[in-house]
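A.B. asks: From first to last, the protein sequence lines stand for chains L and G.
Each residue of the first sequence is one higher than the last, beginning at 1 in this note's numbering.
Each residue of the second sequence is one higher than the last, beginning at 1 in this note's numbering.
Bear in mind the hints are in silico, worked out from the structure with no lab data behind them.
In this text, a Cβ means the ideal position worked out from N, Cα and C, and glycines have one as well.
Incorrect hints may have been included.
[Claimed, not checked] If you anchor each label on the Cβ, the simulated ranges turn out as follows:
(1) L/Gln91 x G/Ile281: 28 to 38 Å
(2) L/Ser5 x G/Lys153: 46 to 56 Å
(3) L/Leu277 x G/Leu367: 10 to 20 Å
(4) L/Ser397 x G/Ser314: 21 to 31 Å
There are 2 protein chains.
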Amino acid sequence: MPEDSIILDIEALEAAVESRNVEGFLKAAEELHYADLAAVFENLDDEERSFFTAHISIDRFPEILAELPDTLIEETLERFDAKAQQDILGQLLDDDRADILQDVSAEARQRYLALLQPEDMEATRSLMRYDEDTAGGRMTTQVARITSDMTVKQVLEVLRDDINSTESLARIYVVDDQGHLMGKVRLRHLTFSPWDTPITEIMQEVDITILATADQEEAAQMFSKYDMTVLPVVDEFNHLLGIITHDDVLEILEEESTEDIEKMSGIAGETSEETYLNTSIGTHFKRRFPWLFVLAVLAISSGYVMLRFEHVLSSIFLLALYLPMVVAAGGNTGGQAATMVIRAMSLGELEPGSTFKVILKELSLGLLLGLIMGASIAAITIFILPAFNPQLPEGISYTIFALAVSVSLAVQIAVSTLSGALLPIGARAIKLDPAVVAAPAITTLVDIFGMVIYFTAARTILGL
Amino acid sequence: MPEDSIILDIEALEAAVESRNVEGFLKAAEELHYADLAAVFENLDDEERSFFTAHISIDRFPEILAELPDTLIEETLERFDAKAQQDILGQLLDDDRADILQDVSAEARQRYLALLQPEDMEATRSLMRYDEDTAGGRMTTQVARITSDMTVKQVLEVLRDDINSTESLARIYVVDDQGHLMGKVRLRHLTFSPWDTPITEIMQEVDITILATADQEEAAQMFSKYDMTVLPVVDEFNHLLGIITHDDVLEILEEESTEDIEKMSGIAGETSEETYLNTSIGTHFKRRFPWLFVLAVLAISSGYVMLRFEHVLSSIFLLALYLPMVVAAGGNTGGQAATMVIRAMSLGELEPGSTFKVILKELSLGLLLGLIMGASIAAITIFILPAFNPQLPEGISYTIFALAVSVSLAVQIAVSTLSGALLPIGARAIKLDPAVVAAPAITTLVDIFGMVIYFTAARTILGL
Numbered sequence: 001m002p003e004d005s006i007i008l009d010i011e012a013l014e015a016a017v018e019s020r021n022v023e024g025f026l027k028a029a030e031e032l033h034y035a036d037l038a039a040v041f042e043n044l045d046d047e048e049r050s051f052f053t054a055h056i057s058i059d060r061f062p063e064i065l066a067e068l069p070d071t072l073i074e075e076t077l078e079r080f081d082a083k084a085q086q087d088i089l090g091q092l093l094d095d096d097r098a099d100i101l102q103d104v105s106a107e108a109r110q111r112y113l114a115l116l117q118p119e120d121m122e123a124t125r126s127l128m129r130y131d132e133d134t135a136g137g138r139m140t141t142q143v144a145r146i147t148s149d150m151t152v153k154q155v156l157e158v159l160r161d162d163i164n165s166t167e168s169l170a171r172i173y174v175v176d177d178q179g180h181l182m183g184k185v186r187l188r189h190l191t192f193s194p195w196d197t198p199i200t201e202i203m204q205e206v207d208i209t210i211l212a213t214a215d216q217e218e219a220a221q222m223f224s225k226y227d228m229t230v231l232p233v234v235d236e237f238n239h240l241l242g243i244i245t246h247d248d249v250l251e252i253l254e255e256e257s258t259e260d261i262e263k264m265s266g267i268a269g270e271t272s273e274e275t276y277l278n279t280s281i282g283t284h285f286k287r288r289f290p291w292l293f294v295l296a297v298l299a300i301s302s303g304y305v306m307l308r309f310e311h312v313l314s315s316i317f318l319l320a321l322y323l324p325m326v327v328a329a330g331g332n333t334g335g336q337a338a339t340m341v342i343r344a345m346s347l348g349e350l351e352p353g354s355t356f357k358v359i360l361k362e363l364s365l366g367l368l369l370g371l372i373m374g375a376s377i378a379a380i381t382i383f384i385l386p387a388f389n390p391q392l393p394e395g396i397s398y399t400i401f402a403l404a405v406s407v408s409l410a411v412q413i414a415v416s417t418l419s420g421a422l423l424p425i426g427a428r429a430i431k432l433d434p435a436v437v438a439a440p441a442i443t444t445l446v447d448i449f450g451m452v453i454y455f456t457a458a459r460t461i462l463g464l
Numbered sequence: 001m002p003e004d005s006i007i008l009d010i011e012a013l014e015a016a017v018e019s020r021n022v023e024g025f026l027k028a029a030e031e032l033h034y035a036d037l038a039a040v041f042e043n044l045d046d047e048e049r050s051f052f053t054a055h056i057s058i059d060r061f062p063e064i065l066a067e068l069p070d071t072l073i074e075e076t077l078e079r080f081d082a083k084a085q086q087d088i089l090g091q092l093l094d095d096d097r098a099d100i101l102q103d104v105s106a107e108a109r110q111r112y113l114a115l116l117q118p119e120d121m122e123a124t125r126s127l128m129r130y131d132e133d134t135a136g137g138r139m140t141t142q143v144a145r146i147t148s149d150m151t152v153k154q155v156l157e158v159l160r161d162d163i164n165s166t167e168s169l170a171r172i173y174v175v176d177d178q179g180h181l182m183g184k185v186r187l188r189h190l191t192f193s194p195w196d197t198p199i200t201e202i203m204q205e206v207d208i209t210i211l212a213t214a215d216q217e218e219a220a221q222m223f224s225k226y227d228m229t230v231l232p233v234v235d236e237f238n239h240l241l242g243i244i245t246h247d248d249v250l251e252i253l254e255e256e257s258t259e260d261i262e263k264m265s266g267i268a269g270e271t272s273e274e275t276y277l278n279t280s281i282g283t284h285f286k287r288r289f290p291w292l293f294v295l296a297v298l299a300i301s302s303g304y305v306m307l308r309f310e311h312v313l314s315s316i317f318l319l320a321l322y323l324p325m326v327v328a329a330g331g332n333t334g335g336q337a338a339t340m341v342i343r344a345m346s347l348g349e350l351e352p353g354s355t356f357k358v359i360l361k362e363l364s365l366g367l368l369l370g371l372i373m374g375a376s377i378a379a380i381t382i383f384i385l386p387a388f389n390p391q392l393p394e395g396i397s398y399t400i401f402a403l404a405v406s407v408s409l410a411v412q413i414a415v416s417t418l419s420g421a422l423l424p425i426g427a428r429a430i431k432l433d434p435a436v437v438a439a440p441a442i443t444t445l446v447d448i449f450g451m452v453i454y455f456t457a458a459r460t461i462l463g464l
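Taking the hints into account, I'd like the entire structure generated from these sequences.
C.D. replies: This is the structure in C-alpha cells:
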C-alpha cells in the first residue's frame, strides 16, 4: 500500500535526523511530500531543526515553509543566511509569500522585503493590503492573463514559460488592455483547437467572480455551491486581480469549521495553526479561561434564584430530585436549536429575511419536544416514583406533583428551544459572530430561566 | 457586481414560474448556474415544480438533479416520461448516477437501471457496490486512461473525444494492460511537448492513492494535507478504479463538519441533505428527541445525589448560591476539552498512541484552570459576599466557607477537564464516533460528579 511506504519514509527521515545521518536524511526527504516534511519538522527539537535546515535542498524548502504554523515562520527563516533567505522567499508562491510576511515581526518583514526582486516586492506589497481572511488575502496573482486578439498558437507560446507554475493553468483568463476581465479559456480547448483559432472563438463567459474585499467564507461557499476549480478575484471595476484555487478553499473550510466548533464550546481567540499537541498549555489556558470565568460568575444568578426559593424547596425537598433534570433539559434543547441555526447560517442557508420562519419552526419544535418530554416524565413519576416510597407532604398526590414537574419541564424546553434559535440570530443582527453565543452561553442563560420556571410552577401548582 | 446579476436572474426565474411564463422561464434559466436552478426548484410547490420540469431543457436537467436532496430525487424523476428519464440518466456523471440510484426505491432503481446503455449500467452497478461514504462510493470512473507505449500525439487523439467530459482531464493516468496504475501525465505536459515524445518521458510517479474501501473522511484529509487536485482510487492490487475530484472533497468536508457539529450537540441520525428550513418538523423532532430523553433520565441521578445530601444543604442553605456554578463549570470545562480533542481527531492530529500526551496536557490544564478559578471565586466570596450579609451558622467564617466552595470548584474543573478529554478517546477505542460523547453527554455526567464533589467538600470542610 502506498500509505505504508509513506510511513516508512517518515520513520527513516526521523531516524536519520536523530542520528545526524546526512545521506539517509537526503534520501528519505527526496521521497517525501512537502506536507509530510513540514509535519516532521514541526515535531523536531531545536538542534534537530538546525540539522534539517542545514541539509535540506533550498529548492524544496519554500513549499515546506508555507506549510508551517505562523509561530514557527520567523525562527525557521532565521536559521538560513541572507542568500538562502532570498532564494527561499523568491521561490514562494506570491500568496504564500504575502501570508508569511504578515506573520513575522516588523523588523524581519522589512529585511525580507528588501531581499525580493522588484516585481515580487510589488506583488507582495499589494497582496498584503488585504486582510488575511478576505478573498484578496487568499488569492494568488500568479494567473495566466491573455488578450482576446491572440490566436491559440500565440497563447501557447506565451504560456509555455508558465508550465511549472502550478497555480496558473487551470483556467486562463482573457483581459482587455486595461486589465478588465473579459472571459476565460480552458487549457483543454487550447490543446485540442487548431493553432490558427482566434481566442474569441474558444473564449467562455465568466459568470462568477468575487470581490477582493469579500470574506473568505463567501469564497468557500461559492466554490462548493458552484463546483468551481478556480474563482477569479476582481476589484469593484471588474479588474482581474488574482485567483483563488481549490487548495485555498480546503484551508478556508478547515479553518472556518474549526473556528465555529471551538467558539460553540466557549473557546475564545484565534484558532491556533499549530496542532492540538503542539499548542502550549499557556495558549490553551488563555483561550479557555475567559468564557469559563464569565459563565461562572453568571451561574451565581442561578444560585441566587435557588436561594430566593428556599421555602419552596424546604417544603417539599423531593423537588430536588427533578431540579437538575429540568434545568439541564433547557441547556440541551437550547444547545441543539442553536447548533442547527448556527450551522445553517454558516452554510449560507438562512437569509436575514427568514427569521420569522426560524422562530415559527423552533417554537413548534419546542412545544412538541416539551409536550412529549413532559408527558414521558409525568408517566415515570406517576407509575415508578411511588415504588420508592418518597416523602410527599399530606394533601399532595403523586399526580399533582407529576403535573408540577411536567409543566415546568415542558415550559423550560419550549422557552429554551426558542432562546437557542433566537440568540444566534440576535447576535448576527448586532454583527456578533453567532457561534459565540452557542451552547455554553445559552446553557448558562436557560439555567437561570429553568430555576425560575421550576420553582414558580411548583409554588403555583402545589400551592406552597 | 456579478452577484447582483445572479440575484436578479433568480428573481426573474421565480416570477416566470409563478406566472407560468415559459419564455421568461427559459431566458432566466439560460443565464443561471445549475446550483442556483436546483436551489430555486427545491423551494417551489408541487404545481410549480411540474411547470419547471415540463419546460426546462433536458440537457440541463441532469446537473440540476444531481444537486437535489436525496428525498426529492425519485418524485422529481417521476415527473418525466421514460424517454426523458433515459436521457437524463444517460447524461449524468457516473458517480452522480450511482448516488442517485442509491437514493430511490428498489422498484424505481430496477426500472432506471433497465433504461441505461449496457456500459453505463455496468459502471453504475460496480460503483453501487461501495458504501456511499467510502472513497469508492464517492469516486467517478470517468477517468482518462492511457498506456505507457503511446506517444503524445496518440494520447491527444484518444483524449480528443473526452473534451467535454469535465471530470477526466485534470490528470491523465497511465495503466498497464491489466489496469494497474503506473503513473500520471498532466495535460499541460501533453500540450507543450512535441508530438513524437514517448509518454514514458513525461510520465510522473503517483505517490498517493486511496483504497476504494477507505472512509471518505480519509480521502478529504489526504486532499487537504497534500494539496491535491485529483486523488486516484485503487483496489488492493493497485488497479485504477476511478478518481475523487476536488468538488467531491468539498462535499465530504461539508458533510463531515456538519455531522461532527450536530453530534456534538446531541443531535442524532443522518445529517439531512435538505436545508434547515426545508427539513420537516418531524425529521427535526426525530433527530433531537432521543438524546434529550436519555439525558433527562440520566439527570435524575444528579437530583438523587442532591436528595441524599438534604441535611448538608439544610444546614447551610447559602450553599445553594454556588451549587449551579460548581456544577455548570464542570460542563463548560469538560465541553471545551472534549471539543479540542474531538476536533484534533477529526483533523487526523491524534494518533491512538498519543493518548498519554493528551491526558498529561488536559490534566495540567484542568489543574491550572481549577486553581485559578477556585482562587478567583474564593476572593469574590471573601471580599464581596459579606456586603450582602447572608446567613452563615455560628462558628463558620466566610473564609472557611469560601475554602469549601473553591476546593470543590477546583476539583470539579480538574475532574471534568480530564473526563472531557478521556471520553472521546475512550469512545474511539471502542469504535464509537467520538463526537457523540461531546458536550451534552459530558455535561450530564459531570453534573453528577459536581453534586457529589460539592456536597462532600462542604460536609468535610465545614464539618456538617
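A.B. asks: Now, for every hint given, state plainly whether the structure supports it.
C.D. replies: How the hints compare with the structure:
1. L/Gln91 x G/Ile281: 28 to 38 Å: This hint is violated: roughly 57 Å between Cβ atoms.
2. L/Ser5 x G/Lys153: 46 to 56 Å: Between L/Ser5 and G/Lys153, where Cβ atoms are some 34 Å apart, the hint is violated.
3. L/Leu277 x G/Leu367: 10 to 20 Å: Roughly 18 Å apart at Cβ, these two residues keep to the hinted range, so it holds.
4. L/Ser397 x G/Ser314: 21 to 31 Å: For L/Ser397 and G/Ser314 the Cβ distance comes to about 25 Å; the hint holds.
Taken one by one, the earlier hints fail for this structure at numbers 1, 2, listed in ascending order.
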